[in-house]
Amino acid sequence: MSHETREHHHEHGCGCGCQGERANPFAELSPILDHYADIPGSLITILQKAQELYGFLSVELMRYIALETHTSIAKVYGVATFYTQFRFKPVGKYLVMLCQGTACHVNGSKLVEEAVMDFLEIKEGETTADGLFTLNNVACLGCCSLSPVMMINDDTYGQLTKDKAIHILAELKEVASNETAGLATIEQEVIT
Amino acid sequence: MKIVIGTGSCGIAAGANKVQVAFDAIIAEKGLDLRVEKTGCIGTCYLEPIVDVVDDGGKKITFVNVTTDDTRRIIEDYIMGENELKELQISESDITMIGKQKRIVLRNSGLINPERIEDYLAVDGYLAAKKCLTEMTPEEIIETVEIAGLKGRGGAGFPTWFKWDAAKKSPGKTKYMVCNADEGDPGAFMDRSVLESDPHALIEGMLIGAKAIGANEGIIYVRAEYPLAIVRLQNAIDQAREKGFLGHNLFETGFDFDLRIKAGAGAFVCGEETALIASLEGERGMPRLKPPFPAQKGYWNKPTNINNVETFANVPWIFRNGGDAYAALGTKESKGTKVFALTGKIKKGGLVEIPMGLTLKDTIFDIGGGIKEDKAFKAVQMGGPSGGCIPASLLDTKIDYAEITKTGAIMGSGGMVVMDETTCMVDMARFFLDFTCNESCGKCTYCRVGTTRMLEILNRITQGEGRDGDIERLEELCYKIKDGSMCGLGQTAPNPILTTIKYFRNEYEDHIYHKKCTAKSCKPLLIYTIDKEKCVGCGACKKNCPVDAITGEKKKVHEINQDICIKCGKCFSVCKFDSVIID
Ligand SMILES: Cc1cc2nc3c(=O)[nH]c(=O)nc-3n(C[C@H](O)[C@H](O)[C@H](O)COP(=O)(O)O)c2cc1C
Ligand code: SF4
Ligand code: SF4
Ligand code: FES
Ligand code: FES
Chain F
0 MSHETREHHH EHGCGCGCQG ERANPFAELS PILDHYADIP GSLITILQKA
50 QELYGFLSVE LMRYIALETH TSIAKVYGVA TFYTQFRFKP VGKYLVMLCQ
100 GTACHVNGSK LVEEAVMDFL EIKEGETTAD GLFTLNNVAC LGCCSLSPVM
150 MINDDTYGQL TKDKAIHILA ELKEVASNET AGLATIEQEV IT
Chain R
0 MKIVIGTGSC GIAAGANKVQ VAFDAIIAEK GLDLRVEKTG CIGTCYLEPI
50 VDVVDDGGKK ITFVNVTTDD TRRIIEDYIM GENELKELQI SESDITMIGK
100 QKRIVLRNSG LINPERIEDY LAVDGYLAAK KCLTEMTPEE IIETVEIAGL
150 KGRGGAGFPT WFKWDAAKKS PGKTKYMVCN ADEGDPGAFM DRSVLESDPH
200 ALIEGMLIGA KAIGANEGII YVRAEYPLAI VRLQNAIDQA REKGFLGHNL
250 FETGFDFDLR IKAGAGAFVC GEETALIASL EGERGMPRLK PPFPAQKGYW
300 NKPTNINNVE TFANVPWIFR NGGDAYAALG TKESKGTKVF ALTGKIKKGG
350 LVEIPMGLTL KDTIFDIGGG IKEDKAFKAV QMGGPSGGCI PASLLDTKID
400 YAEITKTGAI MGSGGMVVMD ETTCMVDMAR FFLDFTCNES CGKCTYCRVG
450 TTRMLEILNR ITQGEGRDGD IERLEELCYK IKDGSMCGLG QTAPNPILTT
500 IKYFRNEYED HIYHKKCTAK SCKPLLIYTI DKEKCVGCGA CKKNCPVDAI
550 TGEKKKVHEI NQDICIKCGK CFSVCKFDSV IID
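Protein sequences appear in the order of chains F and R. Under numbering that gives the first Met the number 0, think of the first position of the first sequence as 0, with each following residue one higher. Under numbering that gives the first Met the number 0, think of the first position of the second sequence as 0, with each following residue one higher.
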């Protein structure tokens, strides 16, 4: 399917919420749809790429994908909600993934979780009011010998204690506030 | 001379990338002629970051737990100077520990650079594939795997040759070879390490299997949580294609085979074969009834063979050394080696590969160095959410599919989580049920509702609200769920409960009848008091108690009102004088 047809769809009731008057809000997804839309079995891959681009799957985005792949919105939503990787709400600047796998559990990940929830004042699955942190539990990050472990965006932190976890988060918070204050970014010290 | 840094996910988490940057900077500063290279991980996670210094004669010195500060000493004192830096070097006992292993699957891990196919070729890589494609018939390949006695390492331990034979005999021109790299057991990382440290071993194993069953297309289904593994694997696939080990007319035999990666999206049940296939097809990962087996109707209804990463990684070794050599290792029924991820309350946690037939005791105490802080061993969990807890009285059990199954646990994919006296076994059962209940796909009523009911009971017990008859109710539900579930997830979900009831019934009884958690792990069952002798009256506990259960004046002994206390544990964590006692 060509790019033009996609634009056309958009103008005639794309389901993205507009009345055909705005430019396609999901234009960046076009090359991906061009590549995958007609390959059978690609729905999960398309959803993954869409999430990479937009951070989460909005209803509009899922409706758009359904339309472009000639499937029902129910099917897209059904697949997306089956897998824990997909998110339906925006995430914070830092995605904190706390491991709750067996090794981490045995080594006290619950205590770390409690401390982190206290510090950020959110529960698992929520995002802080300032939009900085989203907290997610995951099952095993594959670094079990360093348990308890958490991953923040692309960095993994091991052998956590309550204090260490909070120290790391506090530091990120400071980095972020300095950034907004227009100061140079402090090189973030990785504590392991 | 070169410097080689272990950069598996573990190594990186321990700071390997920072160490590499530090080396690069010092080398540039001094203008040295030194190469810094990457390798995967050798499995001794507790020693990461690991740095090898290899001289031109190939002599290797290993430095462990290297910090960025150590890098300068390694270059200035060791490489440029005369200081041996013994204190940074790997200890004799760690070398012996590695020496006790038998490394087949991990033969190249931590030794070669996983990002360069030349390194794999230098250790005779792809020679086994060449032999299979150019000299052997599919029947001969399958026969060799049968002689080797290789069983699937993904959990169930099904003979690999039998599956290959079934897929080969299944009619049809289009067939698929699939690798299950979903590694769902939360607490295991054998497959991740192979993918990150020796991806070509997997590719070569799949190529040999593809030749045996007549598949021209292969797919590797990798867990989404393993980004580095996906990058290294894709890089390896590209290089293999470039060198002519994937693609058309391989080794000029007219045989075609190509591979692609499919990233999973986070669902434990997708490790089950039919659910994995549904997921590959872009659907919800729901298992379906077998038969038909994937060998008859798999991916897009074509004959499909699915094997685990470790299973494939054994294959090239078998063809280079012979099926007999592999079968010479292990026990009568379980041949070869098995990789385990030793974690939990263990001193020397990491990946170990041992010949089948070693005992659990050998593995945990000789190789793993025993229990952290020399506490008392309580149990070892094998098989993750499908497995069970094996108690101290059975530590002499041999690592063998049938022997482990006899205990009520399963061999599983290789997770070995060690627990000590501070781990509560009821809480462990609750932990696994929480996991399976979340991961049930919901198709079968027993699995969906049954696990929920069991979780509710276990939650109650660990919160001090256990009732007479709970143990029996759990047992009854366990057997019904085993019978009433369609796939392995539901059928094995009761194992963690059954084994803990079998071996640790007293702990269940303590929780239910005496409202006591001997491991001091279930918070609501603990009683917090203040030691009159030790309390200095600082008031920290009083200030932090969320329900004002603590009374006392400044500089006088404080007291906890048990009727108000909600057992949150705050006072215990804030008291700097260890005056709060848990009982
Ligand atoms: C719920 C469930 C989860 C599973 N997860 C995995 C897994 O993560 N990795 C794996 O290799 N096998 C897993 N298996 C086993 C596979 O279904 C299958 O038996 C295996 O991939 C076959 O490969 P093998 O014969 O080489 O072991 C799982 C099975 C069940 C029932
Ligand atoms: S046993 Fe559980 S996970 Fe398996 S098919 Fe039934 S409901 Fe789904
Ligand atoms: S355990 Fe919590 S509720 Fe109880 S006295 Fe201590 S701080 Fe207060
Ligand atoms: S259990 Fe936490 S990293 Fe594996
Ligand atoms: S150091 Fe790599 S698996 Fe642990």
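Think of the hints as simulated: they come from the structure by calculation, not from any bench. One or more of the hints may lead you astray.
Unchecked claim - Computed list of lysine-lysine pairs in PhoX-like fashion (alpha-carbon distance at most 20 Å, straight line): (1) LYS575/R - LYS163/F; (2) LYS522/R - LYS555/R; (3) LYS501/R - LYS531/R; (4) LYS88/F - LYS109/F; (5) LYS346/R - LYS371/R; (6) LYS541/R - LYS553/R; (7) LYS17/R - LYS37/R; (8) LYS519/R - LYS554/R; (9) LYS74/F - LYS109/F; (10) LYS566/R - LYS161/F; (11) LYS161/F - LYS519/R; (12) LYS99/R - LYS397/R; (13) LYS533/R - LYS501/R; (14) LYS501/R - LYS481/R; (15) LYS129/R - LYS58/R; (16) LYS109/F - LYS519/R; (17) LYS553/R - LYS575/R; (18) LYS161/F - LYS522/R; (19) LYS109/F - LYS566/R; (20) LYS371/R - LYS566/R; (21) LYS522/R - LYS109/F; (22) LYS161/F - LYS99/R; (23) LYS515/R - LYS533/R; (24) LYS74/F - LYS442/R; (25) LYS59/R - LYS85/R; (26) LYS17/R - LYS58/R; (27) LYS17/R - LYS163/F; (28) LYS515/R - LYS531/R; (29) LYS48/F - LYS161/F; (30) LYS37/R - LYS1/R.
As the list claims (entries may be wrong) - Simulated restraints on C-beta separations: (31) LYS555/R - VAL174/F: 40 to 46 Å; (32) PRO89/F - LYS542/R: 33 to 39 Å; (33) PRO39/F - LYS172/R: 14 to 20 Å; (34) PHE87/F - ASN248/R: 28 to 34 Å; (35) VAL174/F - TRP299/R: 46 to 52 Å; (36) ALA165/R - GLU113/F: 39 to 45 Å; (37) PHE87/F - GLY56/R: 56 to 62 Å.
Claimed, not checked - Which chain R residues face chain F? A few, computed with CB under 7 Å, are given here: (38) TYR220; (39) GLU280; (40) LYS346.
We put the CB at the ideal spot given by N, CA and C, even for glycine.
Now for the hints, and whether the structure bears them out:
1. LYS575/R - LYS163/F: 18 Å, holds
2. LYS522/R - LYS555/R: Since the Cα atoms of LYS522/R and LYS555/R sit roughly 27 Å apart, the hinted pair is violated (cutoff 20 Å).
3. LYS501/R - LYS531/R: Since the Cα atoms of LYS501/R and LYS531/R sit roughly 41 Å apart, the hinted pair is violated (cutoff 20 Å).
4. LYS88/F - LYS109/F: Not OK: LYS88/F and LYS109/F at ~25 Å, beyond 20 Å, violated.
5. LYS346/R - LYS371/R: Status holds; Cα separation ~5 Å.
6. LYS541/R - LYS553/R: Holds, at roughly 10 Å.
7. LYS17/R - LYS37/R: 13 Å, holds
8. LYS519/R - LYS554/R: 30 Å, violated
9. LYS74/F - LYS109/F: 36 Å, violated
10. LYS566/R - LYS161/F: 18 Å, holds
11. LYS161/F - LYS519/R: Distance ~18 Å between LYS161/F and LYS519/R Cα, so the pair holds.
12. LYS99/R - LYS397/R: 16 Å, holds
13. LYS533/R - LYS501/R: 41 Å, violated
14. LYS501/R - LYS481/R: 16 Å, holds
15. LYS129/R - LYS58/R: 31 Å, violated
16. LYS109/F - LYS519/R: Given that 20 Å is the threshold and the Cα spacing comes to 14 Å, the pair holds.
17. LYS553/R - LYS575/R: Holds - the C-alpha atoms of LYS575/R and LYS553/R are around 15 Å apart, at most 20 Å.
18. LYS161/F - LYS522/R: 17 Å, holds
19. LYS109/F - LYS566/R: It holds: about 15 Å lies between the C-alpha atoms, which stays within 20 Å.
20. LYS371/R - LYS566/R: 28 Å, violated
21. LYS522/R - LYS109/F: Cα-Cα ~11 Å, so holds.
22. LYS161/F - LYS99/R: 36 Å, violated
23. LYS515/R - LYS533/R: 25 Å, violated
24. LYS74/F - LYS442/R: Status holds; Cα separation ~17 Å.
25. LYS59/R - LYS85/R: Satisfied, since the Cα-Cα distance of roughly 14 Å is no more than 20 Å.
26. LYS17/R - LYS58/R: Violated, at about 25 Å.
27. LYS17/R - LYS163/F: 19 Å, holds
28. LYS515/R - LYS531/R: 23 Å, violated
29. LYS48/F - LYS161/F: Measuring from Cα to Cα gives roughly 35 Å; hence the hint is violated.
30. LYS37/R - LYS1/R: 10 Å, holds
31. LYS555/R - VAL174/F: 40 to 46 Å: Given about 44 Å between the Cβ atoms, the range holds.
32. PRO89/F - LYS542/R: 33 to 39 Å: 37 Å, holds
33. PRO39/F - LYS172/R: 14 to 20 Å: Holds - the Cβ-Cβ distance for PRO39/F and LYS172/R, about 19 Å, lies within 14 to 20 Å.
34. PHE87/F - ASN248/R: 28 to 34 Å: With Cβ atoms ~47 Å apart, the hint is violated.
35. VAL174/F - TRP299/R: 46 to 52 Å: 49 Å, holds
36. ALA165/R - GLU113/F: 39 to 45 Å: Because 50 Å falls outside the window, the suggested range is violated.
37. PHE87/F - GLY56/R: 56 to 62 Å: Holds - the Cβ-Cβ distance for PHE87/F and GLY56/R, about 59 Å, lies within 56 to 62 Å.
38. TYR220: 11 Å, violated
39. GLU280: Constraint on GLU280/R satisfied, holds at 4 Å.
40. LYS346: 11 Å, violated
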